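Undergrad: The lines below spell out each chain.
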Amino acid sequence: DVKVTQSSRYLVKRTGEKVFLECVQDMDHENMFWYRQDPGLGLRLIYFSYDVKMKEKGDIPEGYSVSREKKERFSLILESASTNQTSMYLCASLDRTNTGELFFGEGSRLTVL
Amino acid sequence: KQEVTQIPAALSVPEGENLVLNCSFTDSAIYNLQWFRQDPGKGLTSLLLIQSSQREQTSGRLNASLDKSSGRSTLYIAASQPGDSATYLCAVRNSGNTPLVFGKGTRLSVIA
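Heads up: the sequence lines are chains A and B, in that order.
Quick note: the first sequence, position 102, residue 102 per the working numbering, numbers continuous.
Quick note: the second sequence, position 19, residue 19 per the working numbering, numbers continuous.
Errors might be hidden in some of the hints.
As the list claims (entries may be wrong) - Straight-line C-alpha distance at most 27 Å; calculated DSSO-like pairs for lysine-lysine:
{"id": "1", "chain 1": "B", "residue 1": "Lys1", "chain 2": "B", "residue 2": "Lys68"}
{"id": "2", "chain 1": "A", "residue 1": "Lys55", "chain 2": "A", "residue 2": "Lys13"}
{"id": "3", "chain 1": "A", "residue 1": "Lys70", "chain 2": "A", "residue 2": "Lys55"}
{"id": "4", "chain 1": "A", "residue 1": "Lys53", "chain 2": "A", "residue 2": "Lys70"}
{"id": "5", "chain 1": "A", "residue 1": "Lys55", "chain 2": "B", "residue 2": "Lys68"}
{"id": "6", "chain 1": "A", "residue 1": "Lys18", "chain 2": "A", "residue 2": "Lys57"}
{"id": "7", "chain 1": "A", "residue 1": "Lys71", "chain 2": "A", "residue 2": "Lys55"}
{"id": "8", "chain 1": "B", "residue 1": "Lys1", "chain 2": "B", "residue 2": "Lys104"}
{"id": "9", "chain 1": "A", "residue 1": "Lys71", "chain 2": "B", "residue 2": "Lys42"}
{"id": "10", "chain 1": "A", "residue 1": "Lys3", "chain 2": "A", "residue 2": "Lys70"}
{"id": "11", "chain 1": "A", "residue 1": "Lys71", "chain 2": "A", "residue 2": "Lys18"}
{"id": "12", "chain 1": "B", "residue 1": "Lys68", "chain 2": "A", "residue 2": "Lys71"}
{"id": "13", "chain 1": "B", "residue 1": "Lys104", "chain 2": "A", "residue 2": "Lys57"}
{"id": "14", "chain 1": "A", "residue 1": "Lys57", "chain 2": "A", "residue 2": "Lys3"}
{"id": "15", "chain 1": "A", "residue 1": "Lys18", "chain 2": "A", "residue 2": "Lys70"}
{"id": "16", "chain 1": "B", "residue 1": "Lys68", "chain 2": "A", "residue 2": "Lys3"}
{"id": "17", "chain 1": "A", "residue 1": "Lys71", "chain 2": "A", "residue 2": "Lys3"}
{"id": "18", "chain 1": "B", "residue 1": "Lys68", "chain 2": "B", "residue 2": "Lys104"}
{"id": "19", "chain 1": "B", "residue 1": "Lys1", "chain 2": "A", "residue 2": "Lys3"}
{"id": "20", "chain 1": "A", "residue 1": "Lys70", "chain 2": "B", "residue 2": "Lys42"}
{"id": "21", "chain 1": "B", "residue 1": "Lys68", "chain 2": "A", "residue 2": "Lys13"}
{"id": "22", "chain 1": "A", "residue 1": "Lys57", "chain 2": "A", "residue 2": "Lys13"}
{"id": "23", "chain 1": "A", "residue 1": "Lys18", "chain 2": "A", "residue 2": "Lys53"}
{"id": "24", "chain 1": "A", "residue 1": "Lys57", "chain 2": "B", "residue 2": "Lys42"}
{"id": "25", "chain 1": "B", "residue 1": "Lys104", "chain 2": "B", "residue 2": "Lys42"}
{"id": "26", "chain 1": "A", "residue 1": "Lys55", "chain 2": "B", "residue 2": "Lys104"}
{"id": "27", "chain 1": "A", "residue 1": "Lys55", "chain 2": "B", "residue 2": "Lys1"}
{"id": "28", "chain 1": "A", "residue 1": "Lys53", "chain 2": "A", "residue 2": "Lys71"}
{"id": "29", "chain 1": "B", "residue 1": "Lys42", "chain 2": "A", "residue 2": "Lys18"}
{"id": "30", "chain 1": "A", "residue 1": "Lys3", "chain 2": "A", "residue 2": "Lys55"}
Simulated from the structure, these hints should not be mistaken for laboratory data.
Just so we're clear, the structure is a prediction, and the values are computed from it rather than from any experiment.
Given these sequences and hints, build the entire structure.
TA: This is the structure:
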């Protein structure tokens, strides 16, 4: 089974802190994604990556950056956390070469105080 | 720009009923369509994936259909159970390299 692992299920940070959300997949997928999910707004794409060291902005990249130094790991970075970044963050990995199926991690619930 | 709509936003049914969840999309030139389930506070679990060349996919009590020309997909759940209570999301992809576009989901409650 494909496994997408998000390192932290729950985080509480203070305004202005730098926050790292880590995501690792074990199936050698090239494409990885970061979404945030908020009530009433659904899933919104923050950033995605087609390969190592490649990144593309999604619909709401402001206030975020990403890092993809290794194929299996895709990190989301909040340079200076703000209260409006309190949300559920979901990482996903795409099996583009075979089924085209998208697999998600368990999510990271971030609260910024 | 592709838009995905799921109606209704919430649905409550008694246990044992068969039910249909609806998904519509504005651009019919899709690559594939995927249905997910999400339990509260958790990530999304893939249920069914339909390629653009397929009309339906089945897994156990679940059957998903795709009508590209009308921009619609349905998820049929047979003999619903309380354990089916969750939010169901539909997502479409327009090409092999583009991200999925998600609907906002239908929150299903199956009452025992």
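Undergrad: Against each hint, give a clear statement of whether it holds in the structure.
TA: Verification of the supplied hints:
Of the supplied pair hints, the one linking Lys1/B and Lys68/B holds, its CA atoms being roughly 16 Å apart against a limit of 27 Å. With a C-alpha separation of about 26 Å, the suggested pair Lys55/A and Lys13/A falls inside the 27 Å cut-off, and the hint holds. A threshold of 27 Å between alpha carbons decides the hint, and for Lys70/A with Lys55/A the separation of about 12 Å falls inside it, so the pair holds. For the hint linking Lys53/A to Lys70/A, the alpha-carbon distance of about 8 Å falls within 27 Å, and the restraint holds.
With a C-alpha separation of about 31 Å, the suggested pairing of Lys55/A with Lys68/B is violated against the 27 Å cut-off. Distance check on the hinted pair: Lys18/A and Lys57/A sit about 20 Å apart at the alpha-carbon level, within 27 Å; holds. Under the criterion of a C-alpha separation no larger than 27 Å, the hint pairing Lys71/A with Lys55/A is consistent with the structure, at around 12 Å. Annotation: proposed proximity of Lys1/B to Lys104/B holds, straight-line Cα distance about 16 Å (limit 27 Å).
The straight-line distance between the Cα atoms of Lys71/A and Lys42/B is roughly 24 Å, inside the 27 Å bound, and the hint therefore holds. Restraint check for Lys3/A and Lys70/A: satisfied, since their Cα atoms lie roughly 16 Å apart, inside the 27 Å limit. A distance of roughly 23 Å separates the Cα atoms of Lys71/A and Lys18/A; the hinted pair therefore holds under the 27 Å criterion. Using a Cα cut-off of 27 Å, the hinted pair Lys68/B and Lys71/A is violated, with the two alpha carbons roughly 34 Å apart.
As the CA atoms of Lys104/B and Lys57/A are separated by approximately 21 Å, the hinted pair is consistent with the 27 Å bound. For a cut-off of 27 Å, the pair hint linking Lys57/A to Lys3/A stands: about 24 Å separates their Cα positions. Distance restraint check for Lys18/A and Lys70/A: the Cα-Cα separation of roughly 21 Å lies within the 27 Å cut-off, and the hinted pair is therefore satisfied. Of the pairs offered as hints, the one joining Lys68/B and Lys3/A is violated, with about 31 Å between alpha carbons and a cut-off of 27 Å exceeded.
Using a Cα cut-off of 27 Å, the hinted pair Lys71/A and Lys3/A holds, with the two alpha carbons roughly 14 Å apart. A C-alpha spacing of about 20 Å is found between Lys68/B and Lys104/B, which places the hinted pair at or below 27 Å, so the restraint holds. About 31 Å separates the Cα atoms of Lys1/B and Lys3/A, which puts this hinted pair outside 27 Å; it is violated. For the hint pairing Lys70/A with Lys42/B, the CA-to-CA distance comes to about 26 Å; that is within 27 Å, so the pair holds.
With a C-alpha separation of about 45 Å, the suggested pairing of Lys68/B with Lys13/A is violated against the 27 Å cut-off. Straight-line distance between C-alpha atoms of Lys57/A and Lys13/A comes to about 24 Å, which keeps the hinted pair within the 27 Å bound. Restraint check for Lys18/A and Lys53/A: the C-alpha separation of about 21 Å stays at or below 27 Å, so the hint holds. A C-alpha spacing of about 25 Å is found between Lys57/A and Lys42/B, which places the hinted pair at or below 27 Å, so the restraint holds.
Only pairs whose Cα atoms come within 27 Å are accepted, and Lys104/B paired with Lys42/B is accepted, the gap being roughly 15 Å. At roughly 25 Å between alpha-carbon atoms, Lys55/A and Lys104/B fall within 27 Å of each other, so this suggested pair holds. Note on Lys55/A and Lys1/B: the hinted pairing holds, with a Cα-Cα distance of about 21 Å set against a maximum of 27 Å. Between the alpha carbons of Lys53/A and Lys71/A the distance comes to roughly 9 Å, so the proposed pair stays at or under 27 Å and holds.
Between Lys42/B and Lys18/A the CA atoms are separated by roughly 24 Å; this keeps the pair inside 27 Å, and the hint holds. Under the criterion of a C-alpha separation no larger than 27 Å, the hint pairing Lys3/A with Lys55/A is consistent with the structure, at around 22 Å.
The structure fails to meet hints 5, 12, 16, 19 and 21 from the earlier list, while all remaining hints are met.
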